[in-house]
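Q: Top to bottom, those sequences are chains A and B.
Take the first sequence: its letter number 44 is residue 71 in this note's numbering, and every next letter is one higher.
Take the second sequence: its letter number 182 is residue 209 in this note's numbering, and every next letter is one higher.
Rather than coming from a laboratory, the hints here were simulated on the basis of the structure.
You may find that some hints are simply not true.
Note that identical chains are pooled: a pair holds if it fits in a single copy or bridges any two copies.
Calculated lysine-lysine pairs in the DSBU-like style (CA-CA distance at most 35 Å, straight line) [as the list claims (entries may be wrong)]:
no.	residue 1	residue 2
1	Lys-326	Lys-77
2	Lys-109	Lys-77
3	Lys-109	Lys-69
4	Lys-326	Lys-109
5	Lys-323	Lys-151
6	Lys-323	Lys-135
Quick caveat: nothing in here was measured; it's all calculated off a predicted structure.
Number of protein chains: 2
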Amino acid sequence: MMRYTLTAKDRHSDARCGVLTTAHGEIHTPIFMPVGTVGSVKAVHARELKEDIRAEIILGNTYHLYLRPGTEVLNAAGGLHKFNGWDRPILTDSGGFQVFSLTDTGRKITEEGVTFRSHIDGSKHLFTPEGVMDIQRKIGADIVMAFDECPPGTSDYRYARNSLELTQRWLERCVARFDSTEPLYGYEQHLFPIVQGCVYRDLREKSAEHAVSLNRDGYAIGGLAVGEPAEEMYAMIEVVNRILPPDKPRYLMGVGTPENILEAIERGVDMFDCVMPTRNGRNGMIFTTEGTINIKNQKWDRDFSSLDPAALAYVDTDYSKAYLRHLIKSDEILGLQICSVHNLAFYLWLVREARKHIQEGDFVAWKKGLLPKITRRL
Amino acid sequence: MMRYTLTAKDRHSDARCGVLTTAHGEIHTPIFMPVGTVGSVKAVHARELKEDIRAEIILGNTYHLYLRPGTEVLNAAGGLHKFNGWDRPILTDSGGFQVFSLTDTGRKITEEGVTFRSHIDGSKHLFTPEGVMDIQRKIGADIVMAFDECPPGTSDYRYARNSLELTQRWLERCVARFDSTEPLYGYEQHLFPIVQGCVYRDLREKSAEHAVSLNRDGYAIGGLAVGEPAEEMYAMIEVVNRILPPDKPRYLMGVGTPENILEAIERGVDMFDCVMPTRNGRNGMIFTTEGTINIKNQKWDRDFSSLDPAALAYVDTDYSKAYLRHLIKSDEILGLQICSVHNLAFYLWLVREARKHIQEGDFVAWKKGLLPKITRRL
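So that you can see chain A by itself, here it is in the shape it has in the complex:
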């Protein structure tokens, strides 16, 4: 049985700290989960994730893993943990987001599920709630996500309501399938429902209430940070978190900037994932404790200082800004590696600091002081 123990609660906000116990170890919340799309966090060694970035859990994408290497190879390996050598907790998304964002030609949504074409070779596939549960059983993640429709951020109320109703029927099918099947590798897995409803308060409430009625080990908030103003996202988080049970972890999917994360923590969110640190990093954008840097800018070409004076990871002191700029400008793989390790170390540092300040009781003041510093452009 998954255990979630709250260890601290902020007096001035809804921020909280907890320890989530899984078959592959403990996760200290609030936590950021690096994204390991096909099982690997892009440009980062497993050793670096553990020892340098100090990641406690990573995320895998069901859509990508299903296409490559495929569930048969994963099953033969004994699950994703055995396959990629990551022996700490793993969460897999349900593929819903990728089916709706990476495939377009010939995608068809029906009551049964979604038919789509692979973005790799155009081959045709069907994802159903039951099928996606079976795939995630084979992947063997500690936390598996329900299969949902991810409506566009611009959806009107009518579309959003119909979409949510479909997502709710799919969620019930996910729960039925998940609860009637056994884990394949001898350890327990846990299904988290996803609260949808776009930016419509009543739909979010309805979705959250429905999810809670299914009494699971944790809950996710999906469909945010898809183009709506940040204030609307924060408002939706507040609406949902008033309904989600306080003694279960809450996961805000695909979010976000350091600012988004701190604001969501303040509103009681516990878990995050986002491709931003790695994807922006590969474009030469690095987050530092002194502000953000576009390392491609000419201004860094003779700045031989370390990447971040706070030395969040070994790359910060092993390499200088000028050298990193040279690597990125020269399309050297090492440049992508350095930015990825640094940015993930920054995100993990950010949530560790958040935990510390929640425990010390000054989270809101700390956040207020930190944000102007880390969000300025250097």
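The hints should help you fit chain B onto chain A, whose structure is shown.
A: Chain B only, in chain A's frame:
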């Protein structure tokens, strides 16, 4: 002053061990030098080079470094060691090979030097022996190479002779410029001449004798492994090494396969560099103590064994063949990283083993036993 101390000499061949002392530390020969084209060994962190691969010296490419980041940035940094953070010895080639292999349109060779267009932006540049010495002073490598013409491997005798004569005049200009200038960063640098002459015995002899007459701290053999049969290459090495002084290090440029390296060590060569471990690695070809592997082959898709049972580097045990295959097939950067670290670790293991067996007196027998094993295709 550079010091080269021979520490062991094989009884049954010309193989030998030595210690080359530079301002940035000792190099144990025979040694393999990973290629750090623009200052970075592709896909490999400096920390991995030192601690995992155990590289003692890396190579930088003058042509690439001159174009990017440029000598002014390198000079502002205080040289390449300060710029890339590699505080062990560095050798830079002279750019000759790149000028002749990477640029083609509008290249013009005159007595003065070579005019060429950058492969990056088409801009026009002139490399002269004097200019290339000045560039390598600014880069600040411990060992700098003379500027030579690199004739095609298919050159006829007449072309090869004329080319060699030009290379010899350029070598004298390199020596004159090098000896009349001072190092810029407070430590001594050393100029190695390059013996050319294609596959023509008399030209190789003439070139070696001329190089030796200049009395430098070490000598290189260039213009081999450019398409000629391996036996011809070995014959040329024998011709040249009979003339090169036994108490100075001998560097065979751009060579080669593990077999090439062991055969050249047997013939008295001390230093090697080659892009093969990294370039082939990025194509999914890995060298192991049990044979070579094309990791893209279907046969590895469910082979969950470690990359190399000899565990030459942490990647060998952190990842399996099946996982590496998945990463390479999925174009994941981490796949390139793993292959690069592994293959370089293999090459450094190979020369460490060679040193050990030269010291123990069984080099030839060891080589004979090892080659069939490591060269078979798995």
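Q: Work down the list of hints and note, for each, if the structure agrees.
A: Checked hints:
Proximity of Lys-326 and Lys-77 under a CA criterion of 35 Å is satisfied in both settings, with 33 Å inside one chain copy and 30 Å between copies. In the homo-oligomer, the alpha carbons of Lys-109 and Lys-77 lie at most 35 Å apart both inside one protomer (16 Å) and across protomers (29 Å), since each shortest distance falls under that limit. In the homo-oligomer, the alpha carbons of Lys-109 and Lys-69 lie at most 35 Å apart both inside one protomer (18 Å) and across protomers (28 Å), since each shortest distance falls under that limit. Taking the closest pair of Cα atoms, Lys-326 and Lys-109 come within 35 Å of each other only across two copies (19 Å); inside a single copy the shortest separation is 45 Å, beyond that limit.
Taking the shortest Cα distances, Lys-323 and Lys-151 sit within 35 Å of each other only across copies (24 Å), while inside one copy they are farther apart (40 Å). For the homomeric pair Lys-323 and Lys-135, the shortest alpha-carbon distance between copies (34 Å) is at most 35 Å, but the shortest distance inside one copy (41 Å) is not.
When held up to the earlier numbered hints, the structure conflicts with none and fits them all.
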